[in-house]
Amino acid sequence: MKLKFTAAALVGLFSLAAQAQTEVQWWHSMTSVNGEWVNDLAKDFNASQSKYKIVPTFKGTYDESMTAAVAAFRSGNAPHILQVFEVGTATMMASRSAIVPVGQVMKDAGQKFDPAAYIPAVAGYYTAPNGQMLSFPFNSSTTVFYYNKDAFKAAGLNPDTPPATWIEVAQAAAKLKASGHTCPLTIAWQSWTQLESFSAWHNVEFASKNNGFGGLDARMKVNSPLHVRHIENLSNMAKQGLFVYKGRMSTPEPSFISGECAMITTSSGFYGNVKKNAKFAFGLSTLPYYPDVAGAPQNTVIGGASLWVMAGKKAEEYKGVAEFFTYISRPEVQSASHKRTGYLPVTLESFALTEKSGFYKENPGTDVAPNQMIRKTTDKSRGIRLGNYVQIRTIEDEELEHIWAGKKTPQEGLDAIVKRGNEMLERFEKANKKS
Amino acid sequence: MEKRVVFKSRWLPWVLIAPQVFVITAFFFWPAAQALLQSVQQSDAFGTSVEWVGIENFVNLWNDETYLASFYTTAIFSLSVSIVGISLSLLMAVFVDRVVKGALIYKTLLIWPYAVAPAVAGVLWLFMFAPSVGVVSYALHAMGIEWNHLLNSTHAMTLVVMAAVWKQISYNFLFFLAGLQSIPKSLIEAAAIDGARPWRRFWTIVFPLLSPTTFFLLVINVVYAFFDTFAIIDSVTQGGPGKDTAILVYKVDYDGFKVMDLGGSAAQSVVLMVIVVALTVVQFKFVEKKVNY
Amino acid sequence: MVERRPVLTVFTHIVLILGVLVIAFPLYLTFVASTHTTQEIMQAPMPLLPGSHFFQNYMDAWNGTGAGAGSKAPVARMMMVSLISALIISLGKISISLLSAFAIVYFRFPYRNFVFWSIFVTLMLPVEVRIGPTYKVVADFGMLDSYAGLTIPLIASATATFLFRQFFLTVPEELVEAARMDGAGPMRFFKDILLPLSMTSIAALFVIQFIYGWNQYLWPLLVTTNENMYPVVIGIKRMISGGDSEMQWNVVMATAMLAMIPPALVVILMQKWFVKGLVDTEK
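Residue numbers (my numbering), protein chains in the order written: chain A, 575 to 1009; chain B, 90 to 382; chain C, 11 to 293.
Among the hints, a few may not be true.
[As the list claims (entries may be wrong)] 25 Å max Cα-Cα, derived BS3-like pairs, lysine-lysine: (1) Lys913/A - Lys850/A; (2) Lys97/B - Lys146/C; (3) Lys146/C - Lys888/A.
[Stated by the list, open to error] Each pair of labels, with its calculated beta carbon distance range: (4) Leu157/B - Thr983/A: 22 to 32 Å; (5) Leu58/C - Glu891/A: 52 to 62 Å; (6) Ala367/B - Gly195/C: 50 to 60 Å; (7) Leu193/B - Pro938/A: 50 to 60 Å; (8) Pro182/C - Lys379/B: 16 to 26 Å; (9) Lys981/A - Asp153/B: 51 to 61 Å; (10) Leu193/B - Thr983/A: 51 to 61 Å; (11) Ile94/C - Val370/B: 32 to 42 Å.
These aren't lab readings, by the way, just hints derived from the structure by calculation.
The beta-carbon is built from N, C-alpha and C at its ideal position, and this holds for glycine as well.
Required output: the full structure, derived from the provided sequences and hints.
Quick look at the structure:
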């Protein structure tokens, strides 16, 4: 009798302990196949241990989930982990008491955490100048160059040697046009590919104070002679019908898949889409550059999002967060994620592992993006850390559109970007001076 | 507008309005007051540091030339959407009212677009109008029109007006139809017996009797054009090219949602609210006089 | 119609057919897109005739087996949430607005105009600005992740009250006089005379509000974290990739078509309330 009772009590205790799982709320914006990837990561993590349970919730686009998180935070209901896009980095940092730096979380939880294991150009974006990692780089992509091999062949160009410099791009475009292509070149995410990444790729400043890493008094510098030269080239190409503007952000991408545009600069994350839906042979290459600029090519700037940890939670829950971050940093997990989604591997080890598995050989072109990032970054190429950056991106889109439409000259447009952008930066500086 | 004959009761009206008043107090006025409070503050996104800045947010608006330009853009947009939306749907409603055969099909097909989820609608418009690859752009191109709403402001404005009107046509059509249904047949028959032709009948009998509905739709359409069109513009042109389709509410929602500048967004809302309230008062004072109750 | 005018009738039909073609064209495209493969859709320009993948795509959409459905909540569950929310919102809005409009038009009480205008002004503040504070109110009431939280804040609007006010103002005075002479109280008048007269307005509003409630996206996104309480539009949105990754357009369109069925049913079912003459004899 006593034995049964004890046994029952023990069973009861065990089930209680199992139910006392600490829940960790994770709000994300991953849609479509990436949404499945997130759910699988959580599922695998939860299955690998029993103390913590990660609960991922889709909360809309990056803006929407940010709005939700802000509203929730103000009423004490914030999640533990929030996925925030890269341009929101400065906004998150400005709310210093709302977040806990990832480096801190890992340290407090006693997790082994070595920032040097992370790919410099990827992690550097989310790291403070003193080396402390602020947020965890989760889904990062970078700017690459895609081209239509079949179109190249038809135009008499060698499909296996993509243009490496902008001069070669222009030449290829001319040949494509001559062979009947109505849209030789187009550009997606123009502010990211043609201004931000362009600057880092050529090791020139996008904004002063090392692109904002050095202080809130950073100001825009995109009207430098090199930038003007580049935009002028593009503008001339537009006038000749060699470059056709197809919209902001990722809107131009379907034009490449449909075969209408033969060359496009856009995110490395576009790869899966092209592979599945394009009816032609295609290739990837590094972003074009100007060979006469010293220091080019350096590295490109990442895009994508990172995971931030919100403040105000219990210590036990933070331990769960730390464990989760350690889990997804494991080389085999990282490598699997990279292969599955096309997002950049975050650690050097995972990159090596992927290479060893022969993945890059089987999928030619997928190593272009990581290779562009595995360089030692300079102060000017680590990334962008500017406040009110969402607005500045829109300003860049607007002024570039004025240039492509012929309403402003490249110099005027870039000057306008600098002027309006600086107003935004001044306002941000003023609003955050006391903190 | 007054009724001559009313009911007398001290307490009944209060009971009747109580539910709605409770809901709007708790879920509109209280949050609205807090939102408006934000217009004189500046804070970081998460509200961890809040600072009183008086009218500074408003001053910033006044100094922003693109903000002032958007007044003009908004006027054009709202006028076009309201006028086109109301006329087209009135036309459709009157015609559907006329026919006997196929009325059900017409009505269903004309109301159904309202059911398209806004998220999907935006995507559809992109599919149709994407320069070169969109179905409609392709057709226009074949007719010799170089459709490019990415760089041509007129094309862009036409496109967003069309998209906004499209979304509203079903709505207007439905209410016009309801209004038409409640016009007594006897009146129309009497006029026909008197020898009035359809065109005359419409303008002397139907339209005046429809005026309460028309007034309702006019006010609602203006409000719609001013406030509810952010999603369409965001998915089709994002306010571009440049800022040529960035109407006032676009900037409000953009600043509130994407930039997380809650103070600036709230300040703009105050301005917007003042404008629309003024417009509505004008409509009530001057246009309602012409409405036949 | 009153008399026969064949030319006018033909003309009417032509205009209507044109109108339907233009207005229902996007709907047609959605349907066409839902019957092809994604690859076919991405070729420029998109095909205009239905393809051969109808069953495949709709099966995928319904079972959530198409890549990217991703959500833990199956489509059926989401449709249920949408259905319940839409019903609560439309019925709730109509009931409280009927009562308020009745009070405003048929009674004299102090601050009457003020009440009307304060109800009216709720249309004039953009949602985005007040959505944060509204969330806080809902959270404080403990209504997160519940049908109450999903629906009650949305019942606050003024469109219905305004519409009913317009309609009530057109009801002839004689009817009220007759009711009072018969000794009927206000609620009797409301129930037996006003309500039946208002049927077409109520029907129109029901259609509109139901669809409005059905298509809610942003508010549910904020107010619910439990994915079991997600309405169907969120499910659609999460299949639409915001970035560059591949998207199964065909399954997205199929899901969208499925999601449009209940609203379409409501539209069709409500048609009988629009039958002419329902309101005729009383006047």
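Consistency of the hints with the structure:
1. Lys913/A - Lys850/A: holds, 15 Å
2. Lys97/B - Lys146/C: Measuring from Cα to Cα gives roughly 40 Å; hence the hint is violated.
3. Lys146/C - Lys888/A: Given that 25 Å is the threshold and the Cα spacing comes to 22 Å, the pair holds.
4. Leu157/B - Thr983/A: 22 to 32 Å: 24 Å Cβ-Cβ, so the 22 to 32 Å window holds.
5. Leu58/C - Glu891/A: 52 to 62 Å: holds, 54 Å
6. Ala367/B - Gly195/C: 50 to 60 Å: violated, 40 Å
7. Leu193/B - Pro938/A: 50 to 60 Å: With a Cβ separation near 58 Å, Leu193/B and Pro938/A satisfy 50 to 60 Å, so the hint holds.
8. Pro182/C - Lys379/B: 16 to 26 Å: holds, 20 Å
9. Lys981/A - Asp153/B: 51 to 61 Å: Hint violated: Cβ distance 19 Å, outside 51 to 61 Å.
10. Leu193/B - Thr983/A: 51 to 61 Å: holds, 59 Å
11. Ile94/C - Val370/B: 32 to 42 Å: holds, 38 Å
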